[in-house]
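Starting from the given sequences, assemble the full structure and let the hints guide the process.
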Amino acid sequence: MPAKSNYLRTSDLARSVGVHPNTVRRYVERGILPPVERAPNGYRRFTRRHLDCLRLAHLVYNGQYPGKGIYRSGVRIVQVAAGDDWGGALELAYGHLALVRSERAQADVAARLLE
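The numbering of the sequence shown is the numbering used here, which starts it at 2 and goes up by one.
These aren't lab readings, by the way, just hints derived from the structure by calculation. Incorrect hints may have been included.
[Said to hold, decoys possible] Computed spacing ranges between beta-carbons, pair by pair: (1) Val110 x Tyr44: 49 to 55 Å; (2) Pro41 x Ser12: 18 to 24 Å; (3) Asn7 x Arg113: 50 to 56 Å; (4) Asp109 x Ser17: 32 to 38 Å; (5) Ala106 x Lys69: 15 to 21 Å; (6) Ala106 x Gly84: 28 to 34 Å; (7) Ser12 x Gly89: 28 to 34 Å; (8) Ala111 x Asp13: 40 to 46 Å; (9) Gly89 x Ala112: 33 to 39 Å; (10) Val110 x Asn7: 47 to 53 Å; (11) Arg50 x Arg113: 39 to 45 Å; (12) Gly19 x Arg113: 33 to 39 Å.
We treat Cβ as the ideally placed atom computed from N, Cα and C, and that holds for glycine.
Have a look at this one:
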């Protein structure tokens, strides 16, 4: 019995996140996802790391963020994760959380003024 491959196909990534396979390809071309190894037949060989980066990118790029600062913060997390610096991405994520909490606090103040 042949061993199961640890690699994922473009369609596997796309399906698991709910995007078109061309989105996955474009994300690789733009550096949103890490570089991809190619099999001898030319097919892309994605890994769990690529899937994690795609999930993160999908969350950031499709989120309904209220301001550009929060969006830019999320984009930076994606870039650092794509560069395989997960510690740096985690550190940025904590900063992102603080930024979101600050925005939320400001929104709460505004809402109380309107009550």
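Hints and how they fare:
no. : hint                       : in the structure
1   : Val110 x Tyr44: 49 to 55 Å : holds, 53 Å
2   : Pro41 x Ser12: 18 to 24 Å  : holds, 19 Å
3   : Asn7 x Arg113: 50 to 56 Å  : holds, 52 Å
4   : Asp109 x Ser17: 32 to 38 Å : holds, 36 Å
5   : Ala106 x Lys69: 15 to 21 Å : holds, 18 Å
6   : Ala106 x Gly84: 28 to 34 Å : holds, 31 Å
7   : Ser12 x Gly89: 28 to 34 Å  : holds, 30 Å
8   : Ala111 x Asp13: 40 to 46 Å : holds, 44 Å
9   : Gly89 x Ala112: 33 to 39 Å : holds, 35 Å
10  : Val110 x Asn7: 47 to 53 Å  : holds, 50 Å
11  : Arg50 x Arg113: 39 to 45 Å : holds, 44 Å
12  : Gly19 x Arg113: 33 to 39 Å : holds, 37 Å
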